[in-house]
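So the sequence lines, in the order shown, correspond to chains A and B. Per numbering that gives the first Met the number 0: the first sequence ends with 638, consecutive numbering throughout. Per numbering that gives the first Met the number 0: the second sequence ends with 298, consecutive numbering throughout.
Hints listed in this document are in silico derivations from the structure and should not be mistaken for laboratory results. Model, not experiment: these values are computed from the prediction. Some hints here could point you the wrong way.
The calculated SDA-like cross-link candidates involving lysine to any residue, where the alpha carbons are at most 25 angstroms apart (straight line), are [claimed, not checked]: (1) Lys337(A) with Asp184(B); (2) Lys272(B) with Leu52(A); (3) Lys278(A) with Lys78(B).
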Amino acid sequence: MNMILPTASISATPNGTTRPQVRIVIVGHVDHGKSTLVGRLLHETGSLPDGKLEMLKAVSARRGMPFEWSFLLDALQTERDQGITIDTTQIRFRTRSRDVVLIDAPGHAEFLRNMITGASQADGAVLIIDALEGVRSQTRRHGYLLHLLGVKQVAVVVNKMDRVDFSADRFKEISDEISAHLIGLGVTPTAVVPISARDGDGVAEHTPRIGWYKGPTVVEALDALEPAPPLAELPLRLPVQAIYKFDDRRIVAGRIESGSLKAGDEIVIMPTGKIAKIKTVESWPVTPVHAPQGAGRSVGITLDRELFLERGDVIGHSGQSPRDTRRIRARIFWLHDKPLTKGEQILIRLGTRESRATVVAIEKAIDPGALSNEENTAIARNHVGEIDISLAQPVATDPYTDNPRTGRLVIEVNGRIAGGGLVLSVDAGRPAVPIDIVPVESALRPDERSARYHHNGAVVWLTGLPGSGKSTLARALERRLFGNGGSPILLDGDTFRAGLNSDLGFSPQDRAENIRRLAEVATHLARNGHIAIVAAVSPSTADRAAARRIADSAFREIYVATPAEVCETRDPKGHYAKARSGGLPSFTGITNDYQPPTGNELTIDTSNRSVSDATDEIERMLATTGILFDELTDLAANI
Amino acid sequence: MHLLDNESAAAGTRSAALRNASSVPGIPANQAPPTMDHLDELEAQSIYILREAFARLKKLALLWSLGKDSNVMIWLARKAFFGRVPFPALHVDTGKKFPEMYAFRDRFGKEWDLDLRVEPCPPIDSVDPTLPPAARSAARKTEGLKLALNKYGFDGLIAGIRRDEEATRAKERVFSPRGLEGEWDVRDQPPEFWDHFNASPPQGAHLRIHPILHWTEADIWAYTKREGIPIIPLYLAKDGKRYRSLGDQDITNPVASSASSIDEILDELENTKIPERAGRALDHETEDAFERLRVAGYL
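Next comes chain A alone, as it looks inside the complex:
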């Protein structure tokens, strides 16, 4: 048989693959000349296939259109017809010292998802600006997105200098404006280059028409961009892709995102915190391998013990493991038609982990293309923002400042990627469980309990002055829910102070700890399907915010806003009288240290309404916010 089987060789290949390869995206406002610049670069560097230029000139003539350099890149018929790039394309050429992959990204706002797809693969970027039009909305938006995508090297090109008579003043004006914008985002431009892409000035050669400019040409600026280095120096992060049992080996497969590993290493598997040792590093056709494996490698390892781990877990070294959390603050860009709002159910992908999640808060929402940063309450398509996310299950992650690879996430809506962003911080509300502590999960699933109780778990938090009616309302609500077949449990602040919290006083620290314990207990009950009704003065906004973080999306805050003078008249426990006589030095109510809530779900003033009327209103709120439901169909929607 005549098959050819070349001898294996590990020597450097002769085709230049030992040259550094750098991936560069060209971004900027629509029609500022991205595709023209790319076409011109290919021409100037002798990178066009034979006959391509002639073919395109002939096609242009046949179609009765003047020849455009952009035709080289705009491969789709619709792109050539409309004269705008729709989707990202990639093309290769060489500079003196590099193999360059040029990624031409569309500048039209409608195709921002394609710009992001292209730019996310880049080591560096060229941001192009029309000298006549100057900095426009997509210029600013693309600049902002480069920052969010982690592209740190940006060269700015001011194009169409022929349209402004090669004016050095106009160039400086634009250069100053864009530099200020980029530096504000933490990105310092590596160069600002004046050019005319159509005529070739400043692309590969300096021309007398821009004789006043002494900086690099575009080709020289590209030559100075470096490939992104692998993250070898950071702690080990190996997100688990799968566990394979094709034969007697049980291989844990994944790609090393940072750091390195080798057989014999002691590892910790997050978020569970289990420990093991790497027995072997498996490969094919040669196995096992003994050399350490570094960032960027796709590997398979076996462990020295049988333990449960799954896709989505992250392997690190003991003492340097990622955080485990259910709560994340992220800075994101949003690409979906429907704006992202508070309370929305989304799917989060972090490494290889997927988790259902709820948007607990939208902290910021701005249009990065606009000059003024007008804030909104929802994040619209092509806008950016900061959000708090509560995850349905614990995940292992790092803030992106600690690890740019494991500190980023994408958001999926209806099975399609709808946004993405950086992990700014990881909530420490639920600290990593020490290795020796193995929490035991309930034998029942939340939906089994929901089906019996006709409600989801919740923490109903009643806050207000002493005597405002919290305990009365709590007891009435407890009776009402129980009467309907539910499972309410009353957690009264004073009752807890008599037992679990009897070691605590009334200093700010002790009050914070008192609230934390109440919130932890209530959250445990809520996770197990009960409605925990907490009646506690809880005067501090910060302490109640901590309670909301612990309970996450189960938290329902009710401000019992009975006026202070009515509370004092009631004085059911005699505290006001005692405080007035100096017997209760830090009694909230006469010291004016109560901080009323603002983002609460419900406010009730009990001075002018009946208990049953107020209880009705609480029930309605619990129904509209997804805690109570009557029908089985509602149940299906809630699980």
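Starting from the known structure of chain A, fit chain B onto it as the hints suggest.
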């Protein structure tokens, strides 16, 4: 030309050498990991993609066209899954391939222990006769692919296309959704970044997965050489001609070349400005012939 008659001899030689090298006692405990070269990076990325496809789709198949690219892809799958390809290799057979290609398929389908599924294309008479000849052949292959999809119900097809081959392929996603009829909606491709892929095809539709999209023709050859992957000899020059790309016999032409080894092919690619698919009639019938075919579901 260096010819060996079986793969295991080559692999055996190499593995013995590497085993010896790596089992030398006294490797320092905190030795730095070896740096990755360009081919290592390409390989690691492709393995990551293949494993993601296997983890996220229910019923995968790998399209094996018998050419250099899909052979590299099978090699990468064996690396990703430690020696075995855990899904079927599907050959949509036009019946018009070169005899050398069929011989290659029959031999390596067995040697690589592939779950090989050969599916025929419908007769040419059933395909729109107004199409130009090469496009009509391609349309027939697309029909064959649809028949195979319906027969097995695959929700993911792994295909060995590359961005540098052809301009519309340059715009592809790694995970590329297809419509119910296998069509490609180029105007509404989903965003894809940071190696997170859209892997939820609607009921009845499928995904194309492109694990070597980021490779070039030269990368394929350099990797084929480094790994000792077998190839069909038609790629090497004979009487001043060789095939740069292999398709159906009647619509594929050899190019002028004196490259009779992989090293010589790599030298040739270093200097050529002739596109890889120059010998494929399909790409040259009309200005947008290839785009229209791909939108309709061609590879």
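The hints, checked one at a time:
no.	hint	in the structure
1	Lys337(A) with Asp184(B)	holds, 21 angstroms
2	Lys272(B) with Leu52(A)	holds, 12 angstroms
3	Lys278(A) with Lys78(B)	holds, 20 angstroms
When the structure is compared with the earlier hints, no violation turns up for any of them.
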